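Engineer: Just so you know, the sequences run in chain order Z and V. Heads up: the first sequence begins at 879 in this note's numbering, then just goes up one per residue. Heads up: the second sequence begins at 3 in this note's numbering, then just goes up one per residue.
I should point out that these hints are in silico values taken from the structure, not numbers from a laboratory.
Partner residues aside, some chain V positions facing chain Z, computed with beta carbon under 10 Å: (1) 39; (2) 76; (3) 110; (4) 112; (5) 147; (6) 151; (7) 156; (8) 161; (9) 164.
Below are the DSS-like pairs computed for lysine-lysine, each with C-alpha atoms no more than 27 Å apart in a straight line: (10) 1117/Z with 916/Z; (11) 38/V with 953/Z; (12) 1132/Z with 169/V; (13) 1131/Z with 172/V.
Cβ pair distances, simulated, as ranges: (14) 1273/Z with 75/V: 34 to 40 Å; (15) 1231/Z with 72/V: 26 to 32 Å; (16) 954/Z with 17/V: 45 to 51 Å; (17) 19/V with 1299/Z: 55 to 61 Å; (18) 1183/Z with 128/V: 44 to 50 Å; (19) 72/V with 882/Z: 48 to 54 Å; (20) 1234/Z with 17/V: 28 to 34 Å; (21) 919/Z with 130/V: 55 to 61 Å; (22) 882/Z with 31/V: 36 to 42 Å.
On a predicted model such as this, the values are computed, not experimentally measured, just so you know. Think of the CB as a built atom: it goes at the ideal place given N, C-alpha and C, for glycine as much as any other residue.
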Amino acid sequence: MEIKAIGCEPLQLKRVLVEDGHTLKVYRDMGGYTSLKKALAMSPADIIEEVKKSSLRGRGGAGFPTGMKWSFVPKDSPKPKYVVCNADESEPGTFKDRYLLERDPHALIEGMVIAGWALGAATGYIYYRGEYRYLIDIMDAALAEAREAGVLGRNILGSGFDMDIFTHTGAGAYICGEETALLSSLEGFRGHPRMKPPFPALEGLYACPTVVNNVETLTAIPEIIELGAETWRDLGTEKSGGTKLWSVSGHVKKPGVYELPLGYADMEKFIMEDCGGMLRDDRKLKAVIPGGSSVYIMNTSQILGKNVTMDYEGLVAAGSMVGSGGFMVMDESVDVVESTRNLTEFYKHESCGWCTPCREGTDWLLKIFNRIAAGGGRPEDAQVLLDLCDNMEGRSHCPLADAAAWPIQSAIQRFPEDFKKWLWKKVEGAEDKGLSVNA
Amino acid sequence: MAAVRPSDHTNQVTVTDEIAEFSPEVMDEIRSHLEKYPPDRSRSALIPLLFVIQRERGYVDNAGVNFLAKFLNLEVTDVWETATFYTMFNMHRVGRHHIQICKTLSCKIMGEPDITDHICTKLGIKPGETTEDGKFTVSLVECLGSCGTAPMMQIGFDYHEDLTIDKVDKILSECE
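So here's chain V without its partners, still in its complex pose:
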């Protein structure tokens, strides 16, 4: 059961020369990341900045990558090379709420399969898919460091632990 992950980059990306533009506030945030590293080591800011691109653009898109390449004085392929390595970067659009269910051993033996079945049945999608209204994407992910409070899932950046079916229903009903 190899679940498709939104980070899979096997889908062809349409390459264009478009360069993303950001508001002055976001540009300030982007520049602030560079302050952490020596001036000649700005590539260090690449991963934190890819998160900014993902937040602003919905996913790591071609125009966002072009922007980073220009901003950090890198080749476009340098940026893709790094971005495609990391599971948390999505290469295509995901739902407004990205449900990531931990499926590694401790969660698995503490009830993850029931939680996954319940969520997928409720939303009518399989792991790796997005609901038609674009509200939810469900992914199965590897250990998120919450084994003592298994089973667990992360929605966006929020941890939800000690899950039960009732708790999951409540959490999902609170997603807008």
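Just chain Z, same shape as in the assembly:
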């Protein structure tokens, strides 16, 4: 597996690429914790302003501007405040945070302490997906080193600021990557999302002001402070600042974690050159899911020769989203009906059951897909699936229902031939008709 920066110097991957990057010694030798020192000399308001100016957007999937999220935390609240790191990486196709957590834990600690100083939080939690147990041991060792060195705990670097960070484990639930479900789980409950508002910035963990950020978002903070917001932002584009990690998997010669400046052009070059091209030379590219399983699937007519830039705006224009950067490449051996059935099975299993449209919708979607896969496809199924998706989208407390609907909607629209093959199986002479879908 490749770990590599392309089109920029490695920033997020700087320490991931060196031996013992997870130790305090190497982290410090490479300039670590100097940003914390710099930040502690700045006012909290200036730090938030700096993060706003950087155009850093949440790297977990939603892409919400981080500085704005921080600015929602009330400064005058008498309640304790919390910084929570979302390390519940479970979006299919996404594995970048794993390498940051394994090989660069101090960057996360530094980012969280800077966030704590900016927000007035004395406690931080890192919520790991339960399967990442070995990473918790690595982080616990790093936290102990950090306390010992005075960059965490009481009177950090002599500034008078106190903050401690603890690791916490989930136990296998995709939904806990949704920030309010994560907070429910961190409180020891089932991972059910909460009604918003109130947003976590006002009432989050233990009903106190809380910021929940993805690992990659928080590890970008020390870089922003070190380089300055403008310099960091200009690595990417004006609206999509900085660099971004992409987890590449599927049918390419060189899957891996790639750091690209946002705005990298273009997606075709990225697949065909940077990722080594198609895994088997005799098979052509068929589909790409660029941002984790929840985003729209793309067909080749949206990619090849289209000069798709890899940033938030560029991917929306091309018909998909950056999401978590879980970049899944599929060659022509993949049947999109089967791949979409596979993802539907995922969402059906992971729906927490709290909202009816999602709980029932994912179940029915899977039942239909299973019937189709068993050879019982009917010409009207495409429309039935789309109707079901329509009744789910935007009708639940969290975006899981949307995430289940979008892959299906885009698959039907962009791979009609695959659906036709399954849905017309039993109808004689029906191949010549178009797909039965209302405009």
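Place chain V on chain Z using the hints.
Structural biologist: The following block gives chain V in isolation, referenced to the frame of chain Z:
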């Protein structure tokens, strides 16, 4: 193909008043988890402590749940409510080696079906089942965050990536 997962809690659990007991070392470990959370928020330790119960008791059993309810000052149903939500908590005994094969998209298209077939044929069981000697349980699970090194499986807490049939044979032969 809805594989049965050991976390399925549809099987009736026999409810008794038995309360599990643990060695002083394990009790120290259990208490240490509480230090991470505010004193009035000890329920936060529930999920980490359920893992301790599972490790010590083999699975999340009735006596272990009763212990946690008493220890954290919760209702027994509070503990079951949380425990039954999460895939990683087993409601019945699994084999000494719990093989969890990732079956989500990237692993699927990179050869998961062959790996699953091979393991199941070799062990003579289907996904969701345990070998008669209690050595292996095989489960199919959703994405484990190892897509760039697909196909993959997790045995216990250990990741095994870039799997091939030969590699699987070697890994299984090393399981005691």
